[in-house]
Every structure is written in C-alpha cells, then in structure tokens.
Amino acid sequence: MNLKELYQEIILEHGKNPRNLRKTENFNKDAEGKNPLCGDNVHIYLKLNNHRKVEDISFEGSGCAISMASASIMTDLIKGRSDNEAREIIEDFLGMIKENPELKSNILKEDDKTKLMCLSGVKQYPMRVKCATLSWHTLVSAMENDGKEVSTES
Amino acid sequence: MNIDTIKKEFPIFDEKIQNNDLVYLDSANSSQKPKIVIDRINEFYTKQFSNVGRSVHYLAVAATNLYENTRTSVQKYINAKDKNEIVFTKGATEALNLVANTLGQKYLQEGDEIILTELEHHSNYVPWHYLRKSKNIKINFAEINEDGEVPIENIEKIITPKTKIIAINHLSNVTGAILPIKEITQLAHSKGIIVVVDGCQGAPHLKLDMQELDCDFYAISCHKMYGPTGLGILYGKKKWLEELPPYQGGGGMIKEVKKDKITYGDLPNKYEAGTMATAQVIAFDQSIRFLESIGIENIIKHEKDLIEYGQDILRRNNSVKLIGKPKNKGGVLSFTIEGVHPHDIATILDEDGVAIRAGHHCCQILHDKLEIPASARASIGVYNTKNDFDQLNESINKCKKIFDLK
Numbered sequence: 233m234n235l236k237e238l239y240q241e242i243i244l245e246h247g248k249n250p251r252n253l254r255k256t257e258n259f260n261k262d263a264e265g266k267n268p269l270c271g272d273n274v275h276i277y278l279k280l281n282n283h284r285k286v287e288d289i290s291f292e293g294s295g296c297a298i299s300m301a302s303a304s305i306m307t308d309l310i311k312g313r314s315d316n317e318a319r320e321i322i323e324d325f326l327g328m329i330k331e332n333p334e335l336k337s338n339i340l341k342e343d344d345k346t347k348l349m350c351l352s353g354v355k356q357y358p359m360r361v362k363c364a365t366l367s368w369h370t371l372v373s374a375m376e377n378d379g380k381e382v383s384t385e386s
Numbered sequence: 032m033n034i035d036t037i038k039k040e041f042p043i044f045d046e047k048i049q050n051n052d053l054v055y056l057d058s059a060n061s062s063q064k065p066k067i068v069i070d071r072i073n074e075f076y077t078k079q080f081s082n083v084g085r086s087v088h089y090l091a092v093a094a095t096n097l098y099e100n101t102r103t104s105v106q107k108y109i110n111a112k113d114k115n116e117i118v119f120t121k122g123a124t125e126a127l128n129l130v131a132n133t134l135g136q137k138y139l140q141e142g143d144e145i146i147l148t149e150l151e152h153h154s155n156y157v158p159w160h161y162l163r164k165s166k167n168i169k170i171n172f173a174e175i176n177e178d179g180e181v182p183i184e185n186i187e188k189i190i191t192p193k194t195k196i197i198a199i200n201h202l203s204n205v206t207g208a209i210l211p212i213k214e215i216t217q218l219a220h221s222k223g224i225i226v227v228v229d230g231c232q233g234a235p236h237l238k239l240d241m242q243e244l245d246c247d248f249y250a251i252s253c254h255k256m257y258g259p260t261g262l263g264i265l266y267g268k269k270k271w272l273e274e275l276p277p278y279q280g281g282g283g284m285i286k287e288v289k290k291d292k293i294t295y296g297d298l299p300n301k302y303e304a305g306t307m308a309t310a311q312v313i314a315f316d317q318s319i320r321f322l323e324s325i326g327i328e329n330i331i332k333h334e335k336d337l338i339e340y341g342q343d344i345l346r347r348n349n350s351v352k353l354i355g356k357p358k359n360k361g362g363v364l365s366f367t368i369e370g371v372h373p374h375d376i377a378t379i380l381d382e383d384g385v386a387i388r389a390g391h392h393c394c395q396i397l398h399d400k401l402e403i404p405a406s407a408r409a410s411i412g413v414y415n416t417k418n419d420f421d422q423l424n425e426s427i428n429k430c431k432k433i434f435d436l437k
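Line by line, the protein sequences give chains A and B.
Each step along the first sequence adds one to the number in this note's numbering, with nothing skipped, and position 28 is 260.
Each step along the second sequence adds one to the number in this note's numbering, with nothing skipped, and position 90 is 121.
Chain B with its partners taken away, still in its complex shape:
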C-alpha cells in the first residue's frame, strides 16, 4: 500500500466538515478508521454474529475462531511469545487499572515505591494513586528535562531498595518524547523492578517487539491504532498473568463455581470476564492487516518527515511556542500562542475544518511543571500530509489576526 495515497482508505476524508475538507490533527486522541475496519464490523454483525466462547452452534464456533485469530495476529504483531499473553480489555485504561489493581493485591507491601514520570497520562497515574490509600505505597515522579524528555538518569537516581514498579509511557502524548524502554527495562530488571508500559501513543506509531523491549506489561489502545473504540489490549508476560489474581469476576473467567469454592479459568479467559467487545476484536484484525500492509518502517519514516516539516513551519511562525524538543520524537506537536488561550485557538481552527485538541490532554502534572494551564496539540496519523500543516499554519495566522497579534 502506498502511503501517499493512504488517505483514500479512510471514508471520513470524503466528508465535508462544516463545508471544509477535514484536516485531522487529533490522532493522539483517537485515529480515524480505514474502510476495511468499518466494513468488517458491518459484515460481522450482518452475516456472522454470535457471542464467543460459550455455545457450540456453528455461528458461535466460527465467531470464537475469528476472535482468537485476532489474538494470534496481535501476538505476532507485537512479537509476544505466547498468544495467551494477549488479554483484551475495554481500553488501555482498563488494562492499566488491571495491572495496578492485581499487582497491588498480590505483590505490593506497605511502604513500597512506584516510579512514574512527569509525562504520564492520568490513566497511568490515577490507578497507581489508588494504591497510595489501599496499600500505603509511595509514588515518585521522574522529572523531565528542559527538552520534555525523561533521561534514564532521572529514573535511575530515584530508584531505592523499595522501588517495586516503574510505570512509564512509551511516547508522550504532549511532548512527543519517545522513552528508551529497552534501556529502562534492562536497568529495572537488574534491580528486580517490574516495568509497566503505557503504550497508547507508542503502539500506533512505533515498532512493537516485546522480546526486544522486554517489559513486563504493555497496554495498547486500539482506537488510536486505526481500530474500533471500546477495545484495549494488555500484553503481560505469562509468568505474571499466571501468578496474579483475576481482576473482574463474572461469566467466562471461571473454571468451576460451587457454593463454597470458585476456581478460575486459564489464560487468557481468567482476565476476560463477561461478554467481550466481540465485533471490535474481530474488526481489529483488519487494523493490524492495514498497518502491516503499509509496513511499520514506512509509517515511521512518513510520520518522522511530516513532524519535522510541521515543526519547521511552526518554528518560523513567531507567535507559536512549541512545547519540548525531544531528540527522539513521535508525531505530536504541542504548542501555545502568547496571548491566545488554547481553547480559543481550537475553536478558531475548527472553523476551517482543522481538528486539534486543546486542554491539558489528561497530563495535569506535566502542565503544572511547565507552568501553563493548557496547550494546543496537533497530532498525526498515517493519513496526514504536508498540506495539513500548511493549513494548520494558515489557520493559526487567522487566529493571530482575530486576536490582533503581530
């Protein structure tokens, strides 16, 4: 598949948004969906629908096979050792809550310490915060440097003998910094520390190789990865998933239920209680195929070129201040304009069909550190082009005109 014509695969770009062509720069929030994914949902509900893993009739067996096929595709795509290391969840948020909750129950003792970074999204902070109260554990934040990166030294220097877990994002949804997960894991494992990675922004844009990264857990958000909403994935090393207790109880996750005793199912059923997001899981197989048909190396190159182009344009715009300049950067450009609040920027850009996000992007810790209440963020996906950044810049200039800036 040719990346220059990839936009054609996404039906939403045929739509006029308030009479404008859509300039979609909000993929870090959620990506648009290619036609093959949308069609697959329709096809499954139209011709093949059944619940999975329960009944023995034809449709149930076929749907179960399709559901499990996605698990195998994900296993291969992220290079996990075993397909049972792939757990479907309702989102990356649930995946991170699952890890925090079960590790908290089984593994953490009062006084233990967890390291997060100042870059973390609220979904990789709040679930750990719960353990402050229930387990009396301590959370330490590794600081960012002036480029908006977290150098490994900033993690290393706050490790203590009580540090049990390091929970970090792969790619910052505000500064775009890509964290050196492999090196952090090596350091952590040398001290017996578990590594949990929030891969929401990493998964759609970076090469995923669990053997190389060697992290213990990796959380994925499928709707940011050209897939359906309502679906996330937790990768966990088998030894952990086997050892940790179940998260939610219900149908499908049990082995045997008696009045006085319950035994739980084997992996991955143990963590998939209740009816799962069946259609979404089955359609996500098409998202993986879509990514594979382009090739992750091509995606990385396309997005790197594009973000450099976008950075150059915005740097030349004298009112725009970019947030962070990490050396290793993914497809996220956050910025402020002196004298114009990000929400006003977003509303004015929207008038031209330019969709960005404004606010703290669920990263209040980071915005407090930067001493700004909010920022504007343009983030890209495979379908973006240089024209999108030209239009962004033009609309920013319109913003400046309305607010009478030079």
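Bound conformation, chain A alone:
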C-alpha cells in the first residue's frame, strides 16, 4: 500500500479545485449516481449537439478527494468529444481500473493518459475503487439517459 500513489499531486489539486463543478445550462442528458455505503453522490449534466458531440459536460455533488478528482478529470477529458469517442475513453478507463495495467485508447494524448493513470492508485485499495468509478458509471447512464439512478451497490 502506498498513500503517495493514491494521493498524487494531480488528484489533490483536482480534488481541491474540481473543474466543471457546476450545472450545464440547457443540458439535454443527465443522471445521478450514489454510493450508499458512504453517502457520496454525483449528478452529471451533458449537452450533446446535433452532431452527437459533447458540447458541454459538468457535475454537481460531494465526495472524497478521489471521487471529486475523478469527476473533474473525466469531465475535462470528455468535453468536445463525439459520443463514440467518449464511450471509448470510458471503456478504456474502467478497463484500466478493473484489470488492464495501461490505457489502450489511441484518441487520448499522453498527458491525458498520465492524468487518468493518477487514479490507478485506487487499485490497491479495493474499498476505494468505487470512489474513482462512480462518476464514470454515472456518465454512461447520462449518455443512455434511461433515467435510472446509478448505485455502486446494484
């Protein structure tokens, strides 16, 4: 176990000053995610334009440094992507947290990958994996916009 790997500078910085922590005006897709074990919650707002491009993405909620940083980095990386690209990034990130040692997607730049890999420290803390993945699962739900609430315990 290594706390320094978990609480890297980038995470602490994003945790303290989360990007896109607001509510998108005129959002057309959204979803709420909750972790019933700790009470953490996140609400993701998306504005997809006619060309299926993410014009804006934002989030509201409260949680630990890991979950806030994860939502912050995620929204930064997803903004401006097509929905197919967004899906590829989500799948790549969740795959990395679950089992893959590295990110595989070619559409991510190296420094984007570095940011995302900062969250890989949670792999050593099984109870904290959900903190890193809640906002990503909630984004999937928002994109499908099936109105279902995401729970980490389902």
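There may be inaccurate statements among the hints.
As the list claims (entries may be wrong) - 20 angstroms max Cα-Cα, derived PhoX-like pairs, lysine-lysine:
#, chain 1, residue 1, chain 2, residue 2
1, B, Lys429, A, Lys248
2, A, Lys248, B, Lys269
3, A, Lys311, A, Lys285
4, B, Lys112, B, Lys269
5, B, Lys437, A, Lys248
6, B, Lys112, A, Lys236
7, B, Lys400, A, Lys266
8, A, Lys236, B, Lys432
The set of hints was computed from the structure by calculation and includes no laboratory data.
Assemble chain B onto chain A, guided by the hints.
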C-alpha cells in the same frame, strides 16, 4: 480482572496489521473478541457439538443445557424478570424487525403514530417504515438539539393521542448521546405508549437493568458486546411476547401441526424458528462472564475517562470539528476535518494501523440534519487506552499534512 491489562485478553492485538500495531477505534461498528469467547466456539465445535432442543441423545441434551444457560446468564445480566423474556435472534436488526412486524400486525391501526428520533440507526427506522405502507401509520421524528442530544421535551411535544410506540436508541452511534430511557418510559407509559429501545450501543457500555428502565422491548447486538457475529437478543416483557404473533415460521417454534391447523410453541421457542446460532449463543455466555469479571462500573469509568481524554486532544487540534457535545456521552467521537473528506481520513489513518469508520454510519437522517454527507468516527471498547487517542491525533496530523492544511 484489571482493566489496564485487558488488551492482553484479546489475541488480535498480538497481530501486526500492515506492519503496525492495531489501534482499533471501530468498536461501535463491532467489538474485538476476547480469547475466552474465541476458544469457547472452538471447544464447542470440537468436543460438544449438537443441535439443540430436538434430539434426546447425550450431546443434544448437553448442548441444549448450555444454550439455555446463556439465556439465564443474559436474563441475570440485564435483570429481566423471566428467562423466557430473552429471545435469541440473528442480530439486533432482526430483533427490531421482529418487534416492528409483530406489533404492526397485532397492535397498530391505520393512522396510528410512531415516534423515532433523528439519531436513529437505519435498523430502527426502516422496519417501522415498512408499516407506513402496510398499515398506513405515520412516523414522527423527535428533533436533536445543537448538542446532538434528544431532550425528553422534544419527544413529549410530538406525542399525540394517536402515538402508540416510541422507538429510540439508548446511546447514539454518532453523537454518543445517552438518552434518558427511564424518564422517557415513565412519560410514555403514563400515556399508554409502548417503548422499544435499540440497545446496540447501550448494551456493551452501560448498566442494563430492565426493571429500572422499564422499557417494553430492548434489542441487543452481541457482536458489539465482545461476542460472536450472527447473534442478537430481543428482550421483551412477557405480556407482550405472549400476546404478539410469531415472527418467522418453521421448525422448533410449533406445538402441533395438522393439515388444517397449527398451534405455536410457548416462549421463547415461539420466536426461535429453525436451527439457531447455537455455537454463538453458547460462546456468548463467555462474553457475559468477561464483562462481569471486569464489572460494568469499572467499564463505565474507564470509557468515560478515555472519551474525555480523546475529546480534549481532538478539541485542541484546530482542524477537527467534533459532532455534538452531549452532557451524558458514551464512547463515540464523530468528527469532520474541513477540507478532507471522511473517506480520505479513514484511508490515511489506516496506513498507520488506526481503524476508524467513515461514512454516514447508517444514520442518513442525522447527517442530513447536520448538513454533512459523511463523518469520521472513532469509537472505543474496554481495550482502548490513551495511547490510542495519541496515535489517532498523530495520524490526523499526517492527514492534514497530505492535504496541506495548517
């Protein structure tokens, strides 16, 4: 038994946890187990095992006697009038579900009201919530004051002619407030209201005297009381347990079963359907002996001194905000640190072998009221020492350093 050397009775403290000595501050969640309890489980399975209350062979009779001995020990420990007022359950949660379910069936009518407090654990709220739908009853919450207590006036003012039950915790698992059960019971009984006590946190740390408290039901969690998991106890006044219907049906709880008619067994069998947690019940006798060998007065004094010491240390730590300051307080210290989420606190403390709990501690109503999503909680048992709080404080300072707090 000397309380200063009590830690030696708990084998887990000989273990290194991730290369650290264990600083266990999570006893409100579950207590560690003394060697005599662990050994008793082993001994029973090794040399004496049989199911109880059914067969007539030697082992079955001996096991049944041991099982019933625990019932008698519990009866004496909590000063119940009759041993049949002690019902074993799979936990305090089941005990509270049993009460809510059977009172709901037999006693409550549409429109009746139940009073809970804002301090209640989900296990003393959700079972009553079920009755909102099935019976159309109403639940009213007695409010906490700014010290995290529920003064009796806050209960009294929401009693109406329709109030049938007051269900309250003895000791809050978040603020540590000890509720004046005896006075609440006197008030309730003067108006014909039943009192159900969630004693999960009270039972391991306070003197239990059912005659003095005079409540109608009292639920106990054995694993918080230096006993095995999978076991709870429901104390219920005999008149209620006799009058209320059975909870679960199955073997062991019946008198006679015909194709067209079933009659139920006498107390306490009526409420103990199926094979019970036999080894746990038998080992719990040792938990009672362990508590008695220290003496509850000594435990109360030790834990009071310790929690005052812990409070003083954390109060001096300028980033720490303690939750509640009840005048009558048990061994629970909940806190927040401005700028650090409780889950991050818990992970960082864990690196030093300091085990605390972070989250809403199954008290979302209370956390909503306090307008915080979660809190960190350090809670004590007989084995804790002042050194544990010194280490807690040191690890909190490490937390502050990582998060760059002053």
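**Request:** Sort out whether Lys266(A) lies within 20 angstroms of Lys400(B), counting only the CA atoms.
**Result:** Holds, at roughly 19 angstroms.
**Prompt:** For the pair supplied as a hint, Lys112(B) and Lys236(A), is the alpha-carbon distance within the 20 angstroms limit?
**Reply:** 58 angstroms, violated
**Message:** Just to be careful, I want the Cα atoms of Lys437(B) and Lys248(A) compared with a cutoff of 20 angstroms; is the pair within it?
**Reply:** 15 angstroms, holds
**Request:** Measure nothing beyond the straight line between the CA atoms of Lys248(A) and Lys269(B); if it is 20 angstroms or shorter, mark the hint as holding.
**Result:** Violated: Lys248(A) and Lys269(B) sit about 57 angstroms apart, past 20 angstroms.
**Asked** For the pair supplied as a hint, Lys429(B) and Lys248(A), is the alpha-carbon distance within the 20 angstroms limit?
**Response** Holds, at roughly 17 angstroms.
**Request:** For the pair supplied as a hint, Lys112(B) and Lys269(B), confirm whether the alpha-carbon distance does not exceed 20 angstroms.
**Result:** The given pair, whose Cα atoms are some 9 angstroms apart, holds under the 20 angstroms limit.
**Message:** Hint check: Lys236(A) vs Lys432(B), CA-CA at most 20 angstroms. Holds or violated?
**Reply:** 12 angstroms, holds
**Item:** Pairwise hint evaluation, Lys285(A) against Lys311(A), where the allowed Cα distance is 20 angstroms at most
**Value:** 9 angstroms, holds
Comparing the model with each numbered hint stated earlier shows that hints 2, 6 do not hold.
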